[in-house]
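Engineer: The residues making up each chain are set out below.
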Amino acid sequence: MRCRAIAVLICLCTLAAAMLLSGSACENMGENLGRAAEIIEQHPGLIRDEEDRAKWVQGARTVRTLKGEVDTPQEVAMGQSLAVRAFVAFGEPYPDEAVQRYVAMVGKLVALQSERPTLPYSFAVFKSDRPNALALPGGFVLVSTGLLRMLGSESELACILGHEICHVAQKHGIEIVERDTKVRSLVDFGAALDEDVGEYRELIDQMYAKLTTEGYDQRYEEKADRAGARYAYRAGYHPEGLMPFLKADADSDRPLAFEAYKTHPDSRQRIRDLRDELEKLGDYAAMPKLEARYQRQVLAKLR
Amino acid sequence: MRHYRWAALIATGLALAALPVLARTMYARLSTPVRSGQGLAAQTVGTLKQGQAVEVLGREGSYYRVSHAGQTGWVYFNKLAEDKPEDMSVLLTGGGLGGGIKLTELQTGGALRGLSPMAEDYAAARNVPQWAVQAVEEMQARTIDAEQLEEFQQEGGLGEYGEEVAR
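Chains as they are written, first to last, in this note's numbering: chain A, 1 to 303; chain B, 1 to 167.
Hints in this document: simulated from the structure, not taken from any laboratory. Some clues are possibly wrong.
As the list claims (entries may be wrong) - Reference listing, derived: stretches of chain A covered by chain B, where coverage requires no fewer than 3 residues with Cβ under 8 Å from a Cβ of chain B:
1. 105-111
2. 165-177
Stated by the list, open to error - Cβ pair distances, simulated, as ranges:
3. A:Gln269 / B:Ala23: 37 to 45 Å
4. B:Arg65 / A:Asp251: 40 to 48 Å
5. B:Val45 / A:Ala89: 26 to 34 Å
6. A:Glu279 / B:Gln154: 28 to 36 Å
7. A:Asp283 / B:Ser31: 27 to 35 Å
Just so you know, even glycine gets a beta-carbon here, dropped at the ideal spot from N, CA and C.
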């Protein structure tokens with residue numbers, strides 16, 4: 001009987017690991033593993049040794065998934081928790097409501113073209129000379145004044161916001177935390193989602209560190225570059241807005257990427273991927289960039 | 001004779017495979033008008049609510065031809081999504097970690113109010129200053145409704161208002 005229980009658990013854990021490694025997180029996986037842990041606890045005869053049993057229960061619970069289990073209110077709560085820390089670390093909100101509203105207007109327009117058009121996205125501009133942008137779960141997107149100063153048109157802003165919106169819409173932030181072995185060893189995701197205060201604080205700490213120091217790897221950046229161009233195009237903008245950043249980045253020794261804190265995926269590869277996506281969009285040469293409106297609404301107002 | 005049978009089978013298969021392309025279900029990304037023809041000047045014959053399913057009969061240029069409430073009409077391509085958008089009504093009441101958060105309305109102009117108790121606890125535990133909490137509350141409470149978005153697009157010649165998008 002014990003052998004059978006272990007065999008079942010091994011199968012479940014192997015399946016879980018395979019799914020995590022392949023990136024195809026299954027929504028039912030966490031539920032299944034949670035149920036397996038409950039069964040072991042409720043039927044001590046399956047694993048008679050108390051210490052062994054505790055290890056199996058802990059093991060099954062540790063690999064519960066975040067992406068599959070987190071619901072939208074929980075995701076928004078996580079975003080709020082991360083956003084309060086982000087403001088402290090990166091800068092105060094820029095004190096001009098007109099600029100804030102303009103950025104939010106472009107952001108909302110682009111977000112409507114994402115995979116999650118109904119999510120209540122929130123946008124903010126923070127005071128920092130460093131070009132930076134940050135996307136947090138639940139729809140919180142922050143951009144720095146330093147980044148806004150580098151842009152020359154509304155279409156560039158639309159593509160950058162689109163890139164950030166993609167990280168939210170496709171839940172990249174949650175996925176990279178979930179896939180991180182170190183974080184998985186430190187946080188019981190299930191307990192955090194069940195409102196265990198200690199585990200929740202640890203989860204947010206780990207998430208914050210992960211998102212603001214390492215950022216996204218090549219795979220997520222490629223997806224976000226492509227989606228950013230696609231969302232912006234569908235919203236009616238000229239979709240090449242990310243290209244100047246990637247080209248400058250590729251031609252420079254000093255990284256110019258707008259997500260300043262992140263690991264630095266190969267810009268030349270990103271350019272190739274973005275070109276591939278742009279080709280699919282057809283002839284967009286005459287689509288609006290809106291340089292004059294951007295100049296009037298943002299550049300003229302930034303001090 | 002056998003060849004004819006195979007040909008008939010293949011033709012039937014192809015016809016069946018093509019059916020979803022000819023008529024398929026799409027969903028409104030936001031509340032959107034169904035018009036009697038292509039272009040903003042055409043008469044509005046109905047309105048799709050956010051998330052509402054509609055049968056798409058085909059596409060011409062930037063418009064989908066749809067069947068809505070027993071009549072045929074046209075919807076601009078960027079107003080429809082392949083997948084049904086998430087139902088956010090749970091945010092109207094909140095619950096679990098999201099308790100304490102309230103969405104003011106489900107439509108485009110909906111804004112979030114309040115912080116979840118878990119987020120408040122986290123901010124207090126990590127000594128986050130009040131101004132940062134307020135910054136989050138302000139960003140999520142910034143309301144931009146559908147009418148304002150429409151005016152913004154019109155002013156910029158974006159989407160349906162831009163001639164160049166139509167292709």
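Engineer: Hint by hint, note whether the structure agrees.
Structural biologist: Verification of the hints:
{"no.": "1", "hint": "105-111", "result": "holds (count 3)"}
{"no.": "2", "hint": "165-177", "result": "violated (count 0)"}
{"no.": "3", "hint": "A:Gln269 / B:Ala23: 37 to 45 Å", "result": "holds (40 Å)"}
{"no.": "4", "hint": "B:Arg65 / A:Asp251: 40 to 48 Å", "result": "holds (46 Å)"}
{"no.": "5", "hint": "B:Val45 / A:Ala89: 26 to 34 Å", "result": "violated (52 Å)"}
{"no.": "6", "hint": "A:Glu279 / B:Gln154: 28 to 36 Å", "result": "holds (30 Å)"}
{"no.": "7", "hint": "A:Asp283 / B:Ser31: 27 to 35 Å", "result": "holds (30 Å)"}
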